[in-house]
Amino acid sequence: MNILTDINFDYTLRIVALGSAILGALSGALGAFAVLRKQSLIGDTISHAALPGIAVAFFFTGNKTTTILLIGAALSGWLATLFILGIVKATRIKLDSALGLVLSVFFGFGLVMLTFIQKRPDANQAGLEKFLFGQAATLLAADVQMMAILAGVAVLALMLLWKEFKLLSFDEDFGATQGFAMNRINLMLTTLLVVAIVLGLQTVGVVLMSAMIVAPAAAARQWTDKLSTMVLLSAVFGVAAGVSGSLLSSRIPKLPTGPTIVLCISTVVLFSIFVAPARGLLWRWLRRRRNRRQFRAEAVLLDLMDMARHHPNLEHPHAAAVLHTLNLDGRAVRNSLAELAERELVRPAGAGLWSLTQAGIAEAQQLERRFQAED
Amino acid sequence: MNGLNEKHKPPRDQAAIWVEDLTVAYQDKPVLWDVDLAIPKGVLMAIVGPNGAGKTTMIKAMLGLVDPVAGRVEVFGKPFREQRRLLGYVPQRTSVDWDFPTNVLDVVMMGRYGTLGWFRRPGKAEREKAMHALEKVAMDPYADRQISQLSGGQQQRVFLARALAQEAEVYLMDEPFQGVDATTERAIVDLLRELRKQGRTVVVVHHDLQTVPDYFDWVFLLNVRRIACGPVETFFTEENLRLAYGGRVAILGERKPIADDAKSL
Ligand SMILES: Nc1ncnc2c1ncn2[C@@H]1O[C@H](COP(=O)(O)OP(=O)(O)O)[C@@H](O)[C@H]1O
Ligand SMILES: [Mg+2]
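As given, the protein sequences belong to chains A and B, one line each in that order.
Just so we're aligned, residue 1 is where the first sequence starts under the numbering used here, counting upward by one.
Just so we're aligned, residue 1 is where the second sequence starts under the numbering used here, counting upward by one.
Chain A with its partners taken away, still in its complex shape (with noise of 0.2 Å):
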């Protein structure tokens, strides 16, 4: 009897995984094109669109099959897209507004919606509220069916329309004076989009569903600088959180898939952000660090090669304490000459007193051109 649940919850958690890794490539892929059109708001905007949409198709169907339910979803979050380009392009409100208007709209009616069903005598097993925050137990080895083959059908679309999507992200206006219809590829690309946002509303949620397609390309970003390998890299995060998410929460009671996955793919962003070469924040510090001390170092070094310049030898010592009060910072001009006399530009002559080596002097005269020619 143990060994029967064992196999069985194995296979649900399997199932779980499945879906989640299928809803985090395609979310992952699709969203690194919402993120580099600075759209970041059209994921939210969407995915808090379709709640209406499955309200409707189960009011009037009165059926709560997933399949049905998602197809009310997409519907009414590419209905929400229409009228976002729409709002956009016959008036003066700005993308962002519009965002913000239709994802009130819509979302507020859909919680208008979902009241009115929870009122009527079949509400109970509606389970409605599972798209609010995800319900992944609740996939199905059909429903997985289903989304695999609709990824695939967008990864072959995103494949074949590379070019088109490339330059509608780039430059859109020079895309037309190519002879494209921009239109159109900014439709194409946001009805991929709808797909890739309805396929993770059962388990992920429409609440959380855009931090989906926000999160696994701002991490990819911090990578790379090949808009293949953001791609790539941004399914590939969305995949490692949907199957670390599904798993930890069956490891752990209580933990719910949908949020988990979100948490999951927090943390690669956070990661990502802080250590990622030439873009983290890490590396960024660092060379920022280096390049005060080396700039500190250089104004130490022509200080001192100003008060050299009152005495006949070059190499005449001065006191570090003239230096502190040029500088302010005593424990920076410390620093600073200890770094210099390692470059072997100065050399400590007792009693607090520095002096320029041949070296110095010639690293001194070089920066002074150098700066002149700045000028």
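By construction, these hints were calculated from the structure, which means they are not laboratory data.
Since the structure is predicted, the reported quantities are computational estimates derived from the model, not experimental observations.
Certain hints may be false.
[As the list claims (entries may be wrong)] Away from chain A, derived, C-beta distances all over 12 Å, residues of chain B:
{"id": "1", "residue": "N51"}
{"id": "2", "residue": "G64"}
{"id": "3", "residue": "P68"}
{"id": "4", "residue": "D99"}
{"id": "5", "residue": "M109"}
{"id": "6", "residue": "Y113"}
{"id": "7", "residue": "H132"}
{"id": "8", "residue": "G152"}
{"id": "9", "residue": "A168"}
{"id": "10", "residue": "D208"}
{"id": "11", "residue": "P231"}
{"id": "12", "residue": "V232"}
{"id": "13", "residue": "N240"}
[Unchecked claim] Which bits of chain A does chain B cover? Going by a derived footprint, with three or more residues having C-beta under 8 Å, they are:
{"id": "14", "region": "151-163"}
{"id": "15", "region": "261-269"}
The C-beta atom is built at its ideal place from N, Cα and C for all residues, glycine as well.
Mind docking chain B with the ligands on chain A? Use the hints.
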């Protein structure tokens, strides 16, 4: 003055670009008002006018990037929609995000996308054309460079190369000299002259009034309405500049009073 303008108007079918009654408005604010323009084939033309005069809008309208309220644009005697391939566009450098994850060669190859059409991927032929275009602006050593690592002048040259890769007949450039270094400025001027020598038509939105007589042979003064258009020596006059810039003629530069400028023409 209008009579003079008329004299320099080429016949409609000989014009590289022919614009008639063009009116463009954003929402309800007119930005271009009833503009007529005929650009003869083979000229190097500057579009000059104060900030907000509609210079960028004019270029975009000729390229079909904004929908006019009224008017018509023809390219070599046909509606521009049929002639898109013949128009090469160099947008303002700041109109794109240079932090986009791609490299120089990739951007320049976008100039071949129109010829490639839907779905087809750029291949060896496109790569070669792009490299060739990069050579013309002395950017071929930077082909593999990330675009985020380019200086302003280098970015501008990449944009020029992208338009060159298209092998267009007419080039429309929006402030290519804006904020570039002296080397790039020189390179652009040389390129413009070479294009003219090949018989191509080049239209450039230009900000630096001092260099107009040096760099260009044709000028179009614009401020919402057409002020004047024709050869630089005849039409780049103090009076026309005053008409275009209104009370703001000080733009001509603090160093040189406007009278001197007019004389030096
Ligand atoms: N997308 C837009 N929406 C609304 N107004 C615009 C838009 N683009 C330009 N304008 C306005 O149109 C006028 C002309 O702009 P533009 O063609 O860019 O002038 P220029 O290039 O000569 O500086 C300006 O007043 C500008 O504010
Ligand atoms: Mg402009």
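Contradicted hints - numbers only: The structure conflicts with hints 2, 4, 5, 6, 9 and 15, although it agrees with all the remaining ones.
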